[in-house]
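Visitor: Residue numbers (my numbering), protein chains in the order written: chain A, 1 to 538; chain B, 1 to 125; chain C, 1 to 357.
Keep in mind that the hints were calculated from the coordinates and are not lab data.
Given the structure is predicted, the values throughout are model-derived calculations rather than measurements.
Where hints are given, some of them may not hold.
As the list claims (entries may be wrong) - Heads up, simulated BS3-like pairs for lysine-lysine below, C-alpha to C-alpha not over 27 angstroms straight-line:
1. Lys299(C) with Lys16(A)
2. Lys6(B) with Lys323(C)
3. Lys323(C) with Lys245(A)
4. Lys71(C) with Lys383(A)
5. Lys76(A) with Lys6(B)
6. Lys71(C) with Lys385(A)
7. Lys5(B) with Lys76(A)
8. Lys79(C) with Lys398(A)
Residue-level listing of the chains:
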Amino acid sequence: MATPKPDILYRNISHKPPAQDWMDLPLEIKPGRYCYSVDPSALEAVGMPNARVWNPLDEDWKLPENWRKTFLDGMKDRLERFRSFKVFMDICVRCGACADKCHYFIGSGDPMNMPVLRAELLRSVYRGEMTKAGQILGRFAGGRELNEHVLKQIWYYYYQCTECRRCSVFCPYGIDQAEITIIGRELLNLLGLQTEWIGKPVANCNRLGNHLGLPPHTFKDNIDFLCDDIEEAIGIRPQPTFNKKGAEILFITPSGDVFAEPGIFTCMGYLVLFHYLQEEYGFDITWSTYASEGGNFGFFTSHEMMKKLNAKMYHEAERLGVKWILGGECGHMWRVLHQYMDTMNGPPSFLEVPVSPITGTRFEHAASTKMIHIVEFVADLMKHKKLNLDKSRNDHLKVTFHDSCNPSRGMGFLEEPRDVINKVCNNFFDMPEGTIREQTFCCGAGSGLNPGENEELRMMGGLPRANAVRFVREEKGVNMLANICAIDRATLSASMDYWVPEVSVCGIHEMVANALIVPGEDRQTDLRGEPLPGKEDE
Amino acid sequence: MYDAKKIIPGLIIFALFFTFPFWFNLGTAAYTTPELELPDPEEHEHCIESTEYMRAEHMAMLDEWRDIYVRDGYQEYWSELNQEYFLTSLTKTCMDCHSDKEKFCDRCHEATAVDPYCWDCHIEP
Amino acid sequence: MKAIYSLILVVALILIAIVGAGLLGIGYLFGVIIPYLAVLVFVVGFVVRVVSWGRSPVPFRIPTTCGQARKSLPMFKDKWNRLDNPGTKLGVVGRMFFEIVLFRSLFRNTRVEMHQGPHIAYSSSKWLWLFALMFHFTFLLIFLRHMRFFTEPVPGVFVMMDQMDSMFQILTPALYLSSVLILVALGYLLLRRLLVPTVRYISQPADYFPLFLIIGIVISGMLMRYIGVFKTDLMPVKELAMGLVQFSPTVPDGIGTTFYVHLFLVSVLLIYFPFSKLMHLGGVFLSPTRNLPNDSREKRHVNPWNYPVKFHTYEAYEDENRKAMVEAGLPVEKPLEEETEETSGEEASDDNAEKKE
């Protein structure tokens with residue numbers, strides 16, 4: 001089904017709920033809003049249960065015989081393991097503060113996309129199956145029996161949540177739908193109800209270290225191609241090292257940036273920056289082909305899978321004997337690194353507290369995890385004036401910044417990227433309050449919801465962000481949407497094309513590299529091969 | 001990561017807060033409804049209205065009397081029960097019989113923490 | 001319909017009290033047994049529920065950070081939002097104070113407006129915050145000033161509350177401001193549920209029932225104070241209340257039926273409390289997105305059930321890809337010659353080489 005034109009899609013959004021009670025609504029799995037089911041081989045590859053061929057549009061999902069027991073036992077187990085889940089199942093008062101905070105609700109008007117009802121899908125099962133009141137009073141107490149219809153509803157709508165946590169900012173009790181979705185998807189995965197766009201990367205990542213499943217030499221080749229492009233643009237070819245034992249620092253970034261536009265320009269940015277630092281200061285950093293993925297699609301699968309994929313980072317750091325790890329621009333990758341990694345796979349006693357070899361800054365705030373964000377690292381370099389920059393090279397850009405959900409609501413990483421942007425370009429304009437920083441909107445397709453087939457959903461989810469971009473486009477003439485997330489770069493490119501086609505998307509390090517004056521360079525174009533300001537005529 | 005050190009004290013505070021009256025009254029004498037000193041029944045059979053009425057409405061009656069007095073000066077109040085007029089006056093009518101504020105008014109008012117503003121103007125006899 | 005069912009339920013409860021305590025005169029049941037039971041169920045039920053939450057650990061440090069973090073770098077330090085993104089325990093205390101006492105998160109509330117064009121706007125929407133705050137504080141004040149019936153002599157603090165609450169001296173007996181405000185707040189909360197389409201859509205009987213119940217409590221209380229026929233003599237009421245808290249329960253004569261209705265509704269509220277959404281009173285303290293400092297990279301958070309997970313080791317990865325790696329000039333741990341048999345990335349080798357952490 002083709003996605004409708006923007007004005008038609010917008011005109012059809014109605015926030016008026018239907019007449020029928022939500023418990024009675026029939027489930028219609030709409031093409032354009034759901035993700036394809038996973039190929040069984042991907043589940044088998046990582047030892048996940050109930051792998052089979054099934055189709056969400058079919059009546060029969062080929063659920064295992066004892067699926068109800070599996071689901072409910074899994075739920076009980078998680079209620080005992082996660083206080084968050086247990087408390088969130090019990091205390092919601094349905095005040096509705098979260099209702100219009102979800103980008104999918106704003107963009108689709110589907111009442112089940114109000115975070116409160118998305119949570120009620122699981123809560124109704126919790127009450128109906130596990131509390132006395134719900135068992136006796138049934139719907140009067142808000143309880144429902146878990147049946148196939150309910151399960152399908154959970155599946156459909158738990159893959160219409162990007163775990164962005166915006167609802168959690170507004171909830172008076174901090175109820176975090178992301179947490180409920182994470183656990184809900186974990187339960188769905190007990191029944192093999194994974195999506196292709198999450199399941200496949202998980203399997204690939206597990207075996208080959210990156211989402212596309214590129215073997216080591218191909219990964220290296222890709223980066224070599226980027227080096228070719230850099231040479232063309234600036235006349236210098238970076239010499240990155242791979243799997244280098246004894247390097248000081250290990251660099252890990254989402255693999256998406258190695259393969260696809262506009263992420264590759266960000267990746268080229270890293271390469272230029274590292275080259276500069278190596279030449280100027282003897283910076284010693286290495287890439288790993290084994291731990292070549294920062295993004296962790298296990299996070300969208302289950303806590304166990306997140307741990308399994310994340311374990312490679314410390315494992316590789318230990319093998320290579322590096323001192324600490326530097327992480328690239330990525331959203332959910334950084335939520336995992338900041339809030340989960342050390343707990344799951346630490347403590348990394350073999351690493352040292354990160355110290356910038358160039359400025360001597362000791363990153364005490366990463367004293368235990370021993371991994372820092374490249375934007376922190378670069379902000380520190382800039383603070384100490386270690387980078388020779390020519391801001392004017394970005395003068396053709398009018399930049400705004402999209403806070404990624406996870407760095408903003410999972411870390412409080414708000415000033416660092418703005419600081420770096422302001423140091424590499426002259427025209428920076430923030431979007432209006434209420435759409436940025438901790439209240440930022442999801443790009444529209446985080447948490448593994450960025451396959452091709454759910455385009456309509458992605459455009460709906462991307463609307464609130466695009467709407468804010470359009471505002472600064474109209475007011476300030478913004479033409480570049482910067483961000484620090486690989487999924488943003490992929491998703492926003494598509495949603496900008498759809499909603500605000502005049503605006504391009506880039507990672508911050510693309511702008512950093514464009515502004516960086518590399519000794520011996522010969523630049524006529526930026527990393528995209530477009531003429532630099534003032535050199536258009538040459 | 002169970003936070004027992006915070007949850008248990010928290011629950012103790014909760015329980016203490018909501019059981020406050022139970023432990024606050026420990027060791028205090030058993031509460032009895034205060035005795036009121038009433039006028040000699042020989043002299044007065046009843047108040048200007050029935051006891052039940054007076055209990056429920058004396059405050060409203062006095063409030064009304066105050067308003068009448070402030071606006072028009074003393075007036076007379078017709079008591080159906082006594083078939084008699086009374087002066088609308090706290091001191092001249094009420095306190096004529098209930099002369100000891102402490103042994104009459106205050107007993108109930110204190111028990112229920114009521115602080116009428118009669119005595120903001122009137123001088124205690 | 002959900003609202004009507006809930007209303008019918010509350011009306012039925014009122015009738016039970018009228019029939020039981022008023023017509024049948026079983027004051028001991030409604031004045032002593034049920035209230036004792038209610039307090040017991042409330043306190044024990046509340047504690048049991050919170051303990052059950054406490055028995056589930058907090059495996060990960062997952063605060064929702066709502067402002068700039070503490071100290072990624074010294075230069076951002078003065079932009080640190082201490083209350084919305086605390087980095088220390090003290091900061092968490094501050095955040096929780098603002099959250100619990102002033103409803104910080106609700107204060108952020110916005111409302112979406114869809115305009116013509118594609119054009120969306122967000123406006124501040126603080127009514128819910130205002131009336132929710134009004135409701136909770138007046139409820140607390142009303143609860144506290146009822147202590148005049150449960151203490152003898154009445155401590156000055158409760159007398160003071162009573163005086164402040166009735167300071168405008170409107171009506172006789174003086175009108176409590178809290179009674180008016182709580183009714184206004186409850187009215188708002190109820191009308192909001194009934195009239196705002198999205199809120200109406202998400203509302204359940206469990207949302208209407210406590211609202212009607214509390215409205216019933218407030219109105220029965222006010223009737224007893226202000227309206228002639230419903231008035232009740234406070235002296236025996238105090239005797240009953242004191243009897244309860246001094247464990248020598250008596251049911252004195254002369255207590256009006258309205259009082260029993262009031263007391264019965266309060267008892268129902270107490271009994272209902274631990275099994276309902278009203279437990280947000282306890283839950284708000286335990287929410288892991290609010291009550292943890294954002295310091296997870298600085299100090300390791302320990303997950304008590306962290307179990308080892310097999311992962312695909314470098315060794316297994318190299319075994320699968322050695323030939324290609326060597327050809328591409330990538331360093332390897334084991335040289336190619338040592339291999340007797342070519343492994344080509346089959347799952348069998350994967351399984352053998354995966355190690356337990």
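Visitor: Taking the hints in turn, state whether each one holds.
Guide: A quick look at each hint next to the structure:
At most 27 angstroms may separate the alpha-carbon atoms for a hinted pair to count; lysine 299(C) and lysine 16(A) exceed this at roughly 46 angstroms. Of the supplied pair hints, the one linking lysine 6(B) and lysine 323(C) is violated, its CA atoms being roughly 57 angstroms apart against a limit of 27 angstroms. Distance hint between lysine 323(C) and lysine 245(A) is fulfilled; the C-alpha atoms sit about 19 angstroms from each other, no more than 27 angstroms. For the suggested pair lysine 71(C) and lysine 383(A), the alpha carbons sit about 15 angstroms apart, so the restraint of at most 27 angstroms is met.
Between lysine 76(A) and lysine 6(B), the direct Cα distance comes to roughly 25 angstroms. Compliance with the 27 angstroms bound is thereby established for this hinted pair. Proximity of lysine 71(C) to lysine 385(A) is assessed by CA-CA distance (about 20 angstroms); at most 27 angstroms being required, the pair is judged to hold. For the suggested pair lysine 5(B) and lysine 76(A), the alpha carbons sit about 25 angstroms apart, so the restraint of at most 27 angstroms is met. Taking the CA atoms of lysine 79(C) and lysine 398(A), the gap is near 25 angstroms; set against the 27 angstroms cutoff, the hint holds.
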